[in-house]
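A.B. asks: What follows is each chain in one-letter form.
Protein chains: 2
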Amino acid sequence: MSSYNELSVEELCELKNGLEDKYNKFKSMGLSLDMSRGKPGGIQLNENNKLLDEVCSDSDFYSENGWDVRNYGLPYGIPECQRLFAEIMGVDEKNVVVCGNSSLNIMFDYISQCMTHGTGGCEPWMKQGKVKFLCPVPGYDRHFRILEYFGIEMINIPLLDDGPDMDMIESYVVDSSVKGMICVPKYSNPTGITFSDETVRRIAALKPAAGDFRILWDNAYIVHDLSESPDSLLEIFSECKKHNSEDMIIEVISSSKISYPGAGVAAVAASDSNINEIKKRIAVQTIGPDKINQIRHVRFFGSADGVYAHMKKLAKHMAPRFELVLKIFDEELSGKGIAEWTNPNGGYFINLKVLPGCAGRTVSLCADVGVKLTGAGAAFPYGKDPEDAYIRIAPSYPSEDELQSAMEVLCVCVRLAAVEKILEKREKS
Amino acid sequence: MSSYNELSVEELCELKNGLEDKYNKFKSMGLSLDMSRGKPGGIQLNENNKLLDEVCSDSDFYSENGWDVRNYGLPYGIPECQRLFAEIMGVDEKNVVVCGNSSLNIMFDYISQCMTHGTGGCEPWMKQGKVKFLCPVPGYDRHFRILEYFGIEMINIPLLDDGPDMDMIESYVVDSSVKGMICVPKYSNPTGITFSDETVRRIAALKPAAGDFRILWDNAYIVHDLSESPDSLLEIFSECKKHNSEDMIIEVISSSKISYPGAGVAAVAASDSNINEIKKRIAVQTIGPDKINQIRHVRFFGSADGVYAHMKKLAKHMAPRFELVLKIFDEELSGKGIAEWTNPNGGYFINLKVLPGCAGRTVSLCADVGVKLTGAGAAFPYGKDPEDAYIRIAPSYPSEDELQSAMEVLCVCVRLAAVEKILEKREKS
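These protein sequence lines map, in sequence, to chains A and B. Just so you know, we're using this note's numbering here: the first sequence kicks off at 14 and counts up by one. Just so you know, we're using this note's numbering here: the second sequence kicks off at 14 and counts up by one.
Treat the hints with caution; some may be incorrect.
The list treats identical chains as interchangeable, and a pair is accepted whether it falls inside one copy or across any two copies.
[Claimed, not checked] Calculated lysine-lysine pairs in the DSS-like style (CA-CA distance at most 27 Å, straight line):
1) Lys-145 - Lys-434
2) Lys-434 - Lys-29
3) Lys-145 - Lys-292
4) Lys-35 - Lys-145
5) Lys-326 - Lys-293
6) Lys-385 - Lys-292
7) Lys-143 - Lys-385
Keep in mind the hints are simulated off the structure, nothing from the lab.
Based on the provided sequences and hints, a complete structural model is requested.
C.D. replies: What follows is the structure, encoded as structure tokens:
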């Protein structure tokens, strides 16, 4: 099949009629499918349920340091859980604090801490006037919402196949009002790319003008491999040590997509200086995290190896969903010059790039026949995709049958929106 | 026995020698007792353990609105848990958000929100210059540490038997830089008093100059009755409605001292306007709280009545401890003119007031023989008790035998410090 752009107006109109017929059939089917968020499906969650049996009424309630996990105290987490997360991240456990159930919460609180108290001996960000952050795009909508909430100006940095455009980043960090970057370095949300070794090295070697420049290194998908040849990400702190730049990095991870998204455990790793600032705040903010849930996780997983083995089980649910999406995209969208998509080795998302100006229309067409996707623009600061071209596909939640239906709908909508756009252009010219 | 003040120097010296002998005996006993924090004891925690069996691998995981509690979502808590806390607080469930495990965390985050975003349409507190808070004293050390962390100036307000000195509060709130008050209205930490109806009514009727005046109403001991004739606290929002002043109140509670201090559930209640501000922040801060733990609590307690029945069980562990402390104080300290103490109907603490200038010495004498008490001054802003007279007694954690030993040590130390102080004064005069 030839590219849509090469078709005549007549051929395009004919194509449009055919697509509209298909689309109207979907309309009559009364679909109701929600693919808007990266939520694991129920079957996947069932893999974790034995975790809940790890602590019950007749359990031993003591952490390895003899602390009753039911009681107050240990504001930085139980030592065995600090060690588990340290092992996964490849950092020293003294640099890890284990918190509640949400790494997003850790990032929000960290930004808030910088706003009110500053970091690295610098003035609080709230007292520094305009503060800016670099945002590799497309990226994670909830990251951008944190920055927007605090009035931090966001600067789009194109996310390439090997990570953010480092030339651009290097040119921006000479500005001392640029205070940081927020990113997902492995299996990035939503494109699924992993920062190359070269990118990680260039990040570690940055010399920002701001002494309080901080990179929120959201390693959400650190163990979320789906392929037999998974990506590998250089451990950032080791690279930073070569440049004495460890203070730039605030790394977070969570078990949200390992155990339970609602009832997992999240942790932060940072340099000695940063972790001390974080600990100083946490000691005032709370008497301690939910340590019963921490010990539940340690007992269930045992070690990082236990986590890796568990992730292989989860991959059995995720990988077929990714394959299904890619198969349908290949069948329905390839060769038409109207869409590109990523084929990640892990993570939670596939990114679909449609013709410029077509993402919003495509998502809206889908919504009108009962298929809810992540909002167009969501992957960009302020919800504004300058190209209106990116659509995040989250295959994790629906059943495979539902996913198949949703993708068929999506492909018809992508094609219909593309034909409409091309016809519109022809009319104008 | 006559008051120490009436004794001659000779009699005082003789008394001192006797007390020193006793004290030295304690020294040789190698005690190691920690009474520094208001932690429930292990036996008391065991009363809650069936809670852990409420959700296990073969459980139903759906909240009443059909949400899988293991998954993301419901940032304001599951509806049945909102309702449970609303019932306990006597407020409308639409005004309740159920969060993580810590009401302290809720208060910290709320103050932080006021610092960065302000409230009630006013400028962020960080942009308003000096901001002040009224602090009924003695009070809860962790409250004061939050305010200190944010650089909020704390003003001591004497806590009387029926609540804070309202005349003083009324005179302070005409200053628009006075932005709030933080208090424990029922079974106050550490004196155990409950605000009288008259006090609650005067609080509700306040007309602060600051439109963003906020009272953190920490109802930590709302269901923590120990006596057959418990205190009752007027529901504050109902009183505020009469004056259209609901926006002044941010009420928090938690199950920390109902279920587990480390793994309970905490909630906040606030006016429509305030709860919307809080929700707006929480929707950015997290994808959702630990809803598995919320449903665990709802299933275990069932309703507010279930909580009240459970508290009666816990009171069986707590009440004898309170009685023991009071019995020893009565035997060892009464009639000597050197100490006064409270006899609360509930809560977690007894407040011991020793001779001015003697609290620090007493706590230090205790520490030197292995009995760790809450630091002298802890119940005051900046850790500074202007009279150096208040000692917080936390009888909940040690066994009754340990508590007996600790109180015997404490009484000897109180007496020794008093004798030293009186002798010192005599020498000076």
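A.B. asks: Measure nothing new, just compare the shortest in-copy and cross-copy C-alpha distances for Lys-145 and Lys-434 to 27 Å and report within, between, both or neither.
C.D. replies: neither (35 Å within a copy, 59 Å between copies)
A.B. asks: Taking 27 Å as the upper bound on the Cα-Cα distance, should Lys-143 and Lys-385 be classified as within, between, both, or neither?
C.D. replies: neither (36 Å within a copy, 48 Å between copies)
A.B. asks: Within a copy, between copies, both or neither: which one fits Lys-326 and Lys-293 at a CA-CA cutoff of 27 Å?
C.D. replies: Result: close neither inside a copy nor across copies, 39 Å intra and 37 Å inter.
A.B. asks: Up to 27 Å between alpha-carbons, please classify Lys-385 paired with Lys-292: within, between, both or neither.
C.D. replies: between (41 Å within a copy, 24 Å between copies)
A.B. asks: Are the CA atoms of Lys-35 and Lys-145 at most 27 Å apart within a copy, between copies, both, or neither?
C.D. replies: Neither, since 46 Å and 65 Å both go past 27 Å.
A.B. asks: Can you tell me if Lys-434 and Lys-29 fall within 27 Å by alpha carbon in one copy, between copies, both or neither?
C.D. replies: Classified as within: same-chain Cα gap 11 Å, cross-chain 96 Å, threshold 27 Å.
A.B. asks: If the cutoff is 27 Å on CA atoms, where do Lys-145 and Lys-292 land: within, between, both or neither? Let me know, please.
C.D. replies: both (25 Å within a copy, 25 Å between copies)
Going down the numbered hints, you'll see the structure goes against 1, 4, 5, 7, while the others check out.
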